[in-house]
Amino acid sequence: MKKNNALAIGITIIAFFGLVAIFAGMCAPYEPSAIDQNNLLMPPSLHHPLGTDSLGRDLLSRMIYGARISLAVGIIAVGIATLLGVFLGCVAGFYGGMIDAFIMRLVDIILCFPTLFLILAVVAILEPSIFNIMVIIGLTGWMGTARLVRSEILSLKEREFVQAARAIGASNARIILRHLLPHAMGPVLVSATLGIGSAILLESGLSFLGLGVQPPVPSWGNILIEAKSTLGIAWWITVFPGLAILVTILGFNLISEGLKKEIG
Amino acid sequence: MILEVKDVSKVFTVERGFFKQKAQAVRALDAVSFRLEQFRTLGIVGESGSGKTTLAKIILRLVSPTQGAVAFDPARITDFRKDVQIIFQNPYNSLNAKMRILDIIAEPLRIHRLVPRKGLKEKVAALLSMVGLDRASMARYPAEFSGGQRQRICIARALATQPKFIVLDEPISSLDLTIQAQMLDLFMRLKEECRLTYIFISHNLAVVKHIADSVIVMRDGRIVEACDTQAIFTSPQNDYTRLLLEAARG
Amino acid sequence: MGHLIEVNDLRVSFGATPAVDGISFQIRENEVLVLAGESGSGKTVTALALTRILPASARIVSGSVTFRGQDLLALKEEGLAQTRGRDIAYIFQEPASFLNPVFTIGSQIMEAIILHQARTKQDARKEALALLGLVQIKEPERVFASYPHQLSGGMNQRVFTAMSLACRPKLLIADEPTTALDVTVESQIVKLLMDLKKTLGFSMLFITHNLALAKKIADRVCVMYRGKIVEEAGMPALFARPQHFHTKELIAAYEKIGKL
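Residue numbers (this note's numbering), protein chains in the order written: chain A, 1 to 264; chain B, 265 to 514; chain C, 515 to 774.
This is chain A alone, in the form it adopts within the complex (with noise of 0.2 Å):
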């Protein structure tokens, strides 16, 4: 087998980031929530190795626990939209007709609702909390899979050995997970990776506007939202977080190139 460098750098990354996150405790230098009124807006130095934001706090720990909400966020989110759009994409693709149909519209028109707007809205009526932002994300973002599972499905259930299956007696729950759903797994695989990266991006997004999550609870984005008003004479708040969310996204889309090219 050929070497897979983007799938091996990929996974490093996110290996390093993941580590991190579930040790923050140990990693972390500080209190993520620390005040330290002496040291306020210390640029990078031995004690703090990526300095201090406007109350003192360090910014390397507060990054250290905000990977740990912003992974969590990401990978939660795109579990939640890969369940329902494979469940749906299964459901459409193998029962076909008026089932299929009235999906497939549904996705049509989640599909024109800017997600962005549907969102905010949303988080403005309820509280703007890390739950709701994991369940919004991933409710606002199956519609991919889904399309994805039910294309797979369609091609593969004509086939020969999805007949054999059925003259053998199998049930169409076994036909669907046993015979079906493994052959669209990989796809499915590389799309979620990659939706990873833009539900981090998402939510920090939204936690830069005010509306994911909520201070002093620090994620990536909202560590952002300081850096805002600091960008003149704090560089490192700004610099920092955005490389981490960079980084991440890089790690994730990395991951799901390789996983392209491992899956042929």
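In case anyone wonders, no lab produced these hints; they're calculated from the structure.
Heads up, a few of these hints could be off.
Stated by the list, open to error - To spell it out: a stretch of chain B is covered by chain C in this simulated footprint if at least three of its residues, at any positions, have a beta carbon under 8 Å from a beta carbon of chain C; those stretches are:
1. 389-403
2. 439-453
3. 461-474
Unchecked claim - The calculated BS3-like cross-link candidates involving lysine-lysine, where the alpha carbons are at most 30 Å apart (straight line), are:
4. B/K321 x C/K742
5. C/K770 x B/K321
6. C/K742 x C/K711
7. A/K157 x B/K321
8. A/K261 x B/K362
9. C/K742 x B/K455
10. C/K762 x B/K455
11. B/K270 x A/K260
12. B/K473 x C/K711
13. B/K362 x A/K157
14. C/K773 x C/K711
15. C/K705 x C/K762
16. B/K473 x C/K729
17. A/K3 x B/K382
18. B/K346 x A/K157
19. C/K773 x B/K455
20. C/K762 x C/K742
21. B/K385 x A/K157
22. C/K762 x B/K473
23. B/K473 x C/K770
Predicted model only: the values in this text are computed from it and were never measured.
A virtual CB, placed ideally from N, CA and C, is assigned to each residue, including glycine.
With chain A fixed as given, assemble chains B and C onto it according to the hints.
For chains B and C alone, kept in the frame of chain A given last:
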């Protein structure tokens, strides 16, 4: 009598155009009737478009007929999905590429709960040896096998439920000639060992001559001739049958 | 003279796996040589290697293919393109997959004619219709205007044959051209090829796994087994006195189910 096919017709409607307006009817089967005794082999001969595969799928209840009925003897065929099996033409498409051979052959055993979990591997090994494959094949995937071997795997899967009736839909025509000859011997051996009734579909008269007790010749969805195997080769009644024989003799 | 094409010690491999393992054969003018063997024996790879139209993963390791005094394997790609299609033409098992589904039969035959013979469109059209007549198509005008999917498998094989013969090749390589067809159609196509050979006078390399066909058309047969030619014999002789065990296997299978 184990099977009676009575007046079976199948019409497929083909929808055309953007609004699916021009529904066009294609008559794949037209009033097909025949009977089959237990432990016999019926050969069905026909060229592409003769409706023989549609007939096979209707017998297997994978497709429903537009008209007519297929009746199995309820005293002999008690659990349809267990007692009636099919082998398809293309062994490359009829195995799930993502499943190991063990899981492929064990699937019918699991579905019908025929063997306790502990005995599963032994049963699969026994089935593999019946079709001339070794035990080590279990851990491998379909892609690692040749066409003939894959067809043997399909046969092992079909035999797993101890069926009484197997429809063989062009089971060997995609294989090399020497492999075809081996497979034909295997089918004849299994028929004796497992006390099976066969419907053997083929476009090759020589193959049918070997295995079938009686023959049906089909063309454009109709039965044009039906009689004993011997008679069809010595005294064909229908012009189309004669044409087929002539082409096969060269 | 006498030999139209001479293959010497041809070796082709996929990665480290040899597919064709040092084979040599010749075809005379007007001769039908049948390459008989089963799947994986290397017969198709041999056919494709003659004009270097192998898939990218295959590599010609050594050998020479001398066609009218020229080594085709040593020739540059441009020189070879001249030979391909004009002097050496192919027909394959699934003609429909080699015909472009979005163009009419007529335009595809005309393309083949114009490509090698630089003629005017009217000329090419006339020639295309003549070719369709040559392959014994009863309504050439209708077929000319049809798309591949509107025609049956046998009809498509006739069309593909017409295209292959557009430049009156000296050698026709037929790779299992009837395997996908019904028996009655198969015998028609075989008869057509033999008729055409008689009228146009070309040599043929016919590849098949079925000795029944070899028996019908071959002057000589080479039996391939695991990348090697294991037996070469004239036609009645092969059946009368087979030497290699694989030839015997093939004949046994033919006796059992290849013939009535």
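Going down the list of hints, with the structure as the test:
Coverage of the segment 389-403 of chain B by chain C is violated in this model, with 0 residues showing a Cβ closer than 8 Å to a Cβ of that chain against a need of three. A stretch counts as covered by a chain when three or more of its residues have a beta carbon under 8 Å from one of that chain; for the segment 439-453 of chain B and chain C the count is 7, and the coverage holds. Counting residues of the segment 461-474 of chain B whose beta carbon lies closer than 8 Å to any beta carbon of chain C gives 7, which reaches the threshold of three, so the coverage claim holds. Of the pairs offered as hints, the one joining B/K321 and C/K742 is violated, with about 42 Å between alpha carbons and a cut-off of 30 Å exceeded.
With a C-alpha separation of about 29 Å, the suggested pairing of C/K770 with B/K321 holds against the 30 Å cut-off. This hinted pair checks out: C/K742 and C/K711 have alpha carbons roughly 28 Å apart, not beyond 30 Å. A hinted pair counts as satisfied when its Cα atoms are at most 30 Å apart, and A/K157 with B/K321 qualifies at roughly 15 Å. Among the hinted pairs, A/K261 with B/K362 is consistent with the structure: their alpha-carbon atoms are about 18 Å apart, no more than 30 Å.
Pair hint C/K742 plus B/K455 does not hold up; C-alpha atoms about 38 Å apart against a cutoff of 30 Å. Proposed proximity of C/K762 and B/K455 is supported: the alpha carbons are some 28 Å apart, at most 30 Å. Distance check on the hinted pair: B/K270 and A/K260 sit about 52 Å apart at the alpha-carbon level, beyond 30 Å; violated. Of the supplied pair hints, the one linking B/K473 and C/K711 is violated, its CA atoms being roughly 34 Å apart against a limit of 30 Å.
Between B/K362 and A/K157, the direct Cα distance comes to roughly 15 Å. Compliance with the 30 Å bound is thereby established for this hinted pair. For the hint linking C/K773 to C/K711, the alpha-carbon distance of about 25 Å falls within 30 Å, and the restraint holds. About 27 Å separates the Cα atoms of C/K705 and C/K762, which keeps this hinted pair within 30 Å; it holds. Using a Cα cut-off of 30 Å, the hinted pair B/K473 and C/K729 holds, with the two alpha carbons roughly 21 Å apart.
Pair hint A/K3 plus B/K382 does not hold up; C-alpha atoms about 41 Å apart against a cutoff of 30 Å. This hinted pair checks out: B/K346 and A/K157 have alpha carbons roughly 22 Å apart, not beyond 30 Å. In summary, the hint linking C/K773 to B/K455 is supported, as the alpha carbons are separated by about 24 Å, within the 30 Å threshold. The hinted pair formed by C/K762 and C/K742 meets the criterion: a straight-line CA distance of about 16 Å does not exceed 30 Å.
Taken as a hint, the B/K385 and A/K157 pair is honoured in the structure, with Cα atoms around 29 Å apart against an allowance of 30 Å. Taken as a hint, the C/K762 and B/K473 pair is honoured in the structure, with Cα atoms around 22 Å apart against an allowance of 30 Å. Under the criterion of a C-alpha separation no larger than 30 Å, the hint pairing B/K473 with C/K770 is consistent with the structure, at around 10 Å.
Hint compliance for this structure: hints 1, 4, 9, 11, 12, 17 are not met, and every other hint is.
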